[in-house]
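Engineer: Position chain B against the provided structure of chain A, taking the given hints into account.
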Amino acid sequence: MIPAAFDYVRAGSVDEAVALISEHGEDAKFLAGGMSLLPLMKLRLATPTVLVDVGRVRDLSYVGDAGDHLAIGALTRHRDLETSDLLARECDVLRAVAAQVGDNQVRHRGTIGGSVAHGDPASDLPAALLALDASFTVRGPNGEREIAAHDFFRGFLETALEPDELLTEIRVHKTGSNGYAYEKFNRRAQDWAIVGALAAKVNGETHVALVNMGPTPLRAQAVEIALRQGATAEVAAREADVGTEPTADLNASPEYRRHLAQVLVRRALEAS
Amino acid sequence: MQVNGSAQDHDVEARTLLVYYLREACGLTGTKIGCDTSSCGACTVLVDGESVKSCTMLAAQADGAQITTIEGLANGDEWHPVQQAFHENHGLQCGYCTAGMVLASVSLLDEIPNPTEQDVRLGLEGNLCRCTGYHNIVKSVLAAAEKMQGAGS
Chain A
264 MIPAAFDYVR AGSVDEAVAL ISEHGEDAKF LAGGMSLLPL MKLRLATPTV LVDVGRVRDL
324 SYVGDAGDHL AIGALTRHRD LETSDLLARE CDVLRAVAAQ VGDNQVRHRG TIGGSVAHGD
384 PASDLPAALL ALDASFTVRG PNGEREIAAH DFFRGFLETA LEPDELLTEI RVHKTGSNGY
444 AYEKFNRRAQ DWAIVGALAA KVNGETHVAL VNMGPTPLRA QAVEIALRQG ATAEVAAREA
504 DVGTEPTADL NASPEYRRHL AQVLVRRALE AS
Chain B
143 MQVNGSAQDH DVEARTLLVY YLREACGLTG TKIGCDTSSC GACTVLVDGE SVKSCTMLAA
203 QADGAQITTI EGLANGDEWH PVQQAFHENH GLQCGYCTAG MVLASVSLLD EIPNPTEQDV
263 RLGLEGNLCR CTGYHNIVKS VLAAAEKMQG AGS
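So the protein sequences, as listed, match chains A and B.
Offset between the first sequence (1-based) and the numbering used here: plus 263.
Offset between the second sequence (1-based) and the numbering used here: plus 142.
Read the hints as simulated data drawn from the structure, not as lab findings.
Keep in mind the model is a prediction, meaning the values are calculated, not measured.
Ideal Cβ positions, reconstructed from N, Cα and C, are used throughout, including at glycine.
Accuracy of the hints is not assured; some may be wrong.
Stated by the list, open to error - To give an idea of the interface, some chain B residues facing chain A are shown, with a C-beta separation under 8 Å as derived from the structure:
| hint | residue |
| --- | --- |
| 1 | A149 |
| 2 | H152 |
| 3 | E155 |
| 4 | A156 |
| 5 | D178 |
| 6 | G183 |
| 7 | E192 |
| 8 | S193 |
| 9 | K195 |
| 10 | T198 |
| 11 | A202 |
| 12 | Q203 |
| 13 | A246 |
| 14 | G268 |
With the rest of the complex left out, here is chain A:
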């Protein structure tokens, strides 16, 4: 399978990337690791006319301590998250989730920013960042703005990013080295989650996020409310599918996904 023809340009800096994408218009797309975009292009589900390769903008690859939060460059690869000592100490949940993305080969190329900007509800990191109340710094022709994770994921593969904006940094709270569990349910190794559930303690409260239970990553708000009101994990988890819109595919029916959400949320709560 070969992608439809396109022009390839390479950006050496964030400024150059934003200038190039503005110059080439709405049919241009940023290319980071390419782990989501290239498969779509090979299937011709995406046919950008220009790719602006930002893969060599090295100064967007970092995990940094910014005092009350961690700052992660958008082009930090999953592999670099997986092996970051700072992340293991200060936000191990994100390290552990990054370690479950795809397989080794995917983690050698794929980036956290690419995964977020792609906005796939079946991906691991967008849901984790939603649970962590992360915020995203984006740069466009009119400067920089910050978008909260809960405002970012708008619809299926649809985010609050404008076509000419580049995600540059992800900021997460320091949550420490424990207090979380991620239950990823799939049929084969390396697959996307049929359903995933993440429970994590953030600033003293338990946050719960769901993977692949609707067009966007979701917070299990009913579960969080039940927990705040003192419900046990078992009771709270029964609310896991409230407000979700799971779809049917070859792997699972909506009913089965609802069942999985309840079971996986209970397991995640009990293990976190």
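Structural biologist: Relative to the frame of chain A, chain B by itself:
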């Protein structure tokens, strides 16, 4: 880019995937195309020493990189310890997945020099063997690890 230590320089279409570049422009057909959807790992090569699925990377993205394919792994007539271990432990049946398996294993052992069986099974989750020869593949990788550890100490 450097492929197996020699410089390669071709003008190709922007959409040329690395696997097609290696096979068609460089003539290195040891790298196999399997699923072509980044699932099976048959096309795994090393890019700057790390395993990558070459069907899901543009040749243009690899511009300037050091690529190692199965053809470049041996040292002259002497096989790489992972190749030797696959040979000795019957780590292949039909052989189609083998180039990718071997390169994924080399990358894995670089990251985890002394892996457990579980590390190997998880580390090779991105490589499928349709002969289902996994048992001997895992055995081969563990044997290679032991040999490489011994050689390094």
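Engineer: With reference to the structure, classify each hint as holding or not holding.
Structural biologist: Status of the hints after comparison with the structure:
Annotation: interface hint on B/A149 violated; nearest CB of chain A at approximately 20 Å, more than 8 Å. Residue-level restraint check for B/H152 is violated (minimum Cβ-Cβ distance to chain A is 14 Å; threshold 8 Å). Because the beta carbon of B/E155 sits about 7 Å from the nearest beta carbon in chain A, less than 8 Å, this interface hint is met. Because the smallest distance between the Cβ of B/A156 and any Cβ of chain A comes to about 4 Å, under 8 Å, the interface hint for this residue holds.
The closest approach between the C-beta of B/D178 and any C-beta of chain A is roughly 5 Å, which is under the 8 Å cut-off, so the hint is satisfied. Interface restraint check: B/G183 against chain A, minimum CB-CB distance 7 Å, threshold 8 Å, status holds. The interface hint given for B/E192 is met, as the beta carbon of that residue sits about 4 Å from the closest beta carbon of chain A, less than 8 Å. With a least beta-carbon distance of about 5 Å to chain A, the hint placing B/S193 at the interface is held under the 8 Å criterion.
Annotation: interface hint on B/K195 holds; nearest CB of chain A at approximately 5 Å, less than 8 Å. Checking B/T198 against chain A by beta carbon gives a least distance of about 5 Å; that is within 8 Å, so the hint holds. Checking B/A202 against chain A: minimum C-beta separation of about 5 Å stays under 8 Å; hint holds. Because the smallest distance between the Cβ of B/Q203 and any Cβ of chain A comes to about 6 Å, under 8 Å, the interface hint for this residue holds.
Because the closest C-beta pair between B/A246 and chain A is about 7 Å apart, less than 8 Å, the hint holds. Among the interface hints, the one on B/G268 holds; its C-beta lies about 3 Å from the nearest C-beta in chain A, closer than the 8 Å criterion.
In terms of the numbered hints stated before, the structure departs from hints 1, 2, listed from lowest to highest.
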